[in-house]
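Residue numbers (this note's numbering), protein chains in the order written: chain G, 1 to 340; chain F, 1 to 324.
Note that these hints are calculated values from the structure, not bench results.
Hints are supplied without guarantee of correctness; some may be wrong.
Claimed, not checked - Far from chain G, by Cβ distances over 10 Å, these chain F residues were calculated:
hint, residue
1, M4
2, E26
3, H28
4, G29
5, I37
6, L41
7, I122
8, Q125
9, G158
10, L166
11, V285
12, Q291
What the hints assert, rightly or not - Only pairs whose alpha carbons sit at most 35 Å apart, straight line, appear in this in silico DSBU-like list of lysine-lysine:
hint, chain 1, residue 1, chain 2, residue 2
13, G, K117, F, K102
14, F, K102, F, K65
15, G, K336, G, K280
16, F, K65, G, K117
17, G, K336, G, K305
18, G, K305, G, K117
19, F, K102, F, K31
20, G, K117, F, K64
Note that the structure is a prediction, hence the values are computed from the model and not measured.
Every residue, glycine too, gets a C-beta built ideally from N, C-alpha and C.
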Amino acid sequence: MTATETPTRRITTAKAMAEAIGLEMRADPDVFVMGEDVGAYGGIFGSTTDLFAEFGADRVIDTPISETGFIGAGIGAAVEGLRPVVELMFVDFYGVCMDQISNHMAKIHYESGGAVKVPMVLMAATGAGYSDAAQHSQCLWGTFAHLPGMKVVVPSNPYDAKGLMASAIRDDNPVIFLFHKGAQGLVWMEKNPRSIAHVPEEAFTVPIGEAAIAREGSDVTIVTLSLSVQHSLDVAEELEGEGISVEIVDLRSLVPLDRQTVLDSVAKTGKLLVVDEDYKSFGLTGEIAAIVAETDPTMLKKPVKRLAVPDVPIPYARSLEYGILPTRERIAAAVKDLMA
Amino acid sequence: MNPMNRLELYTEMVRIRQYESRILQEYHGDKAPAWDIGAGLIPGEMHLSAGQEPAAVGVCAHLKKGDAITAPHRPHHFALAHGVDMNAMTAEIYGRTTGLCKGKGGHMHLFDPENHFSCSGIIAQGYPVACGQALAMKRRGTDNVAIAVAGEGAANQGAFHESLNLAAVWNLPVVFVIEDNDWAISVPRSDSTATTSNADRAAGYGIPGVRVENNDVEAVFEAAGAAVDRARAGEGPSLIEVHTLRLWGHFEGDAQAYRTDLETVDERDPIPRYAQALLASGDLVEEQVQQIAEAADAEVDAAIQFSLNSPIPAAEDALLHVFA
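Build the full structure now, drawing on both the sequences and the hints.
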């Protein structure tokens, strides 16, 4: 290293999440982790890496394969004032525990007229791209965002993962923290290089409910989230060479949703592409389009374009799976359509 | 174990019965049309607990400050026996701003954090939450316990079995209570449940299981005392099934045409039976019977008056409290 270089610590999204949890656990004895294989294994997707070694089985608790049981137990611990960070291994497993999530975790504060708080984080792995097929590849963030009472955060990179996790743990509300397997920076899965980046070592927060301009541009706005932000950044760099200036809004939070950042960007560019790895109908892409339409449809110079999974389960074979995902090629083609 | 005070057990059962009887009367009193469960000063479904008092009173006699209860859709007896404020609870049932939940919860969703009391309208789903409350108590090193209550129909739900396993494997201070009133709405337990005693299911999780027959408050008291003591001592969870009685319909308006045991319901009412036993044993004297009922009626009257005098929530308040 020469004297002019700044030492830069580059870590994966997975490590960033675990680091945030560890910092919060050190600062607050009420924070603890539970889930399947979160202990010695460190989380199947690395979200609890090294926590077990530091905090032990008392605070990093491996659970039975019993999602209704342990998510419900997380809720019970949270209403008693603890701050559990609970992992649902794959978001696809929501089907076996959605009553606890939707009818209990998300409703208790409202039902109680504000008397009972549920300060709990429920984190889950999302996303496709590695042939895990229909029951292990969904995003489903639109489903959680549709149901009132849960904050929903969806980071796209290591920095936001760390900052949003800290905010989620400190929040007095239930927060669903959805991380994309393809953006975790795992050694055993193809990853975008953006999944490993500089992250400060100390604790910091990224506020829940604030979108980020991941890239400034003037011709087209892409509103997106999670791994699709990384893909969109790749596309924007490529299209810059063709003279197309793309602005990328990384939503980061779905609930609460930063409508203003979306509207400001669309007002600037007049062209909107919404990219979502979740299902197309009744979801995020339609919601963003509706927000623009309700506010001022005349700000659009072209009709909104939506790129999302075309309402089919995620198929297994690589050719089929990549036939329906919002790939770089599809994002680029959609941007060019808007520019035509 | 707390010493048993027969008069207190009786008095609390009467207090609950007078409450439920009066809610029954008020609920139907102004329904117009009479079949419309959404009409009247107390709207919505109403699941009353008459006949099931022994379960709540026998268990709650052992509870102290900091102990938690998760109750199901039929919660009033456990709420009252656990010390939930009658005025605030009643105002909630009337949907008033002074209610426990400012009118947002209603009778199936009562939350009283001061007494660690909550209920849920989803069958068996209070069980996992109680495990989490017990986990918090254990982590904090208290000797508090969590009581999870559900009906016998709930014992066929996954949440029941997941919770028993979780509580056993983590050695949590939970007492699981099943109120077996023989009927899951219209389905008799013989048609729904493969075992004659849900207490036997405790063996599958290596924890004690006791079935209390005859809706006997003193037998509930004994069984619950042992289970609560065990939990407080850090020895882990227990399951108690109380064979109790649903004196009235599943919900108010339920004609119970399906019910084959209606003829004998009144003679199985646990309160007159217990009164007779206590009169015979001298724990109760004749003039107290009326005094106890009148004292309860006065308390209930005051709670209803409090509720009727309380404001109705403003429509725009529906937008409050989604988030803290």
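Now for the hints, and whether the structure bears them out:
Separation of F:M4 from chain G is adequate, the least Cβ-Cβ distance of about 30 Å exceeding the 10 Å criterion. Separation of F:E26 from chain G is adequate, the least Cβ-Cβ distance of about 22 Å exceeding the 10 Å criterion. With a cut of 10 Å on Cβ distances, F:H28 stays outside the contact zone with chain G, its closest approach being about 26 Å. Chain G leaves F:G29 outside its interface by the beta-carbon criterion, the shortest separation being 26 Å against a cut-off of 10 Å.
With 10 Å as the threshold on Cβ separation, the claim that F:I37 sits away from chain G holds: the shortest Cβ distance comes to roughly 20 Å. Consistency note on F:L41: stated as away from chain G, and its beta-carbon is indeed over 10 Å from all of that chain's, at 19 Å minimum. Taking the minimum C-beta to C-beta distance to chain G, about 5 Å, the non-interface status of F:I122 is violated against the 10 Å cut. Chain G draws F:Q125 into its interface by the beta-carbon criterion, the shortest separation being 5 Å against a cut-off of 10 Å.
Consistency note on F:G158: stated as away from chain G, yet its beta-carbon is not over 10 Å from all of that chain's, at 6 Å minimum. For F:L166, the non-interface assignment is contradicted: its Cβ lies about 4 Å from the closest Cβ of chain G, within the 10 Å cut-off. Residue placement check: F:V285 keeps its beta carbon more than 10 Å from all beta carbons of chain G (closest about 42 Å). Chain G leaves F:Q291 outside its interface by the beta-carbon criterion, the shortest separation being 35 Å against a cut-off of 10 Å.
Taken as a hint, the G:K117 and F:K102 pair is honoured in the structure, with Cα atoms around 15 Å apart against an allowance of 35 Å. Distance restraint check for F:K102 and F:K65: the Cα-Cα separation of roughly 24 Å lies within the 35 Å cut-off, and the hinted pair is therefore satisfied. Distance hint between G:K336 and G:K280 is fulfilled; the C-alpha atoms sit about 20 Å from each other, no more than 35 Å. With a C-alpha separation of about 20 Å, the suggested pairing of F:K65 with G:K117 holds against the 35 Å cut-off.
At roughly 11 Å between alpha-carbon atoms, G:K336 and G:K305 fall within 35 Å of each other, so this suggested pair holds. The straight-line distance between the Cα atoms of G:K305 and G:K117 is roughly 39 Å, outside the 35 Å bound, and the hint therefore fails. Of the pairs offered as hints, the one joining F:K102 and F:K31 holds, with about 23 Å between alpha carbons and a cut-off of 35 Å not exceeded. Of the pairs offered as hints, the one joining G:K117 and F:K64 holds, with about 22 Å between alpha carbons and a cut-off of 35 Å not exceeded.
Hint compliance for this structure: hints 7, 8, 9, 10, 18 are broken, all remaining hints hold.
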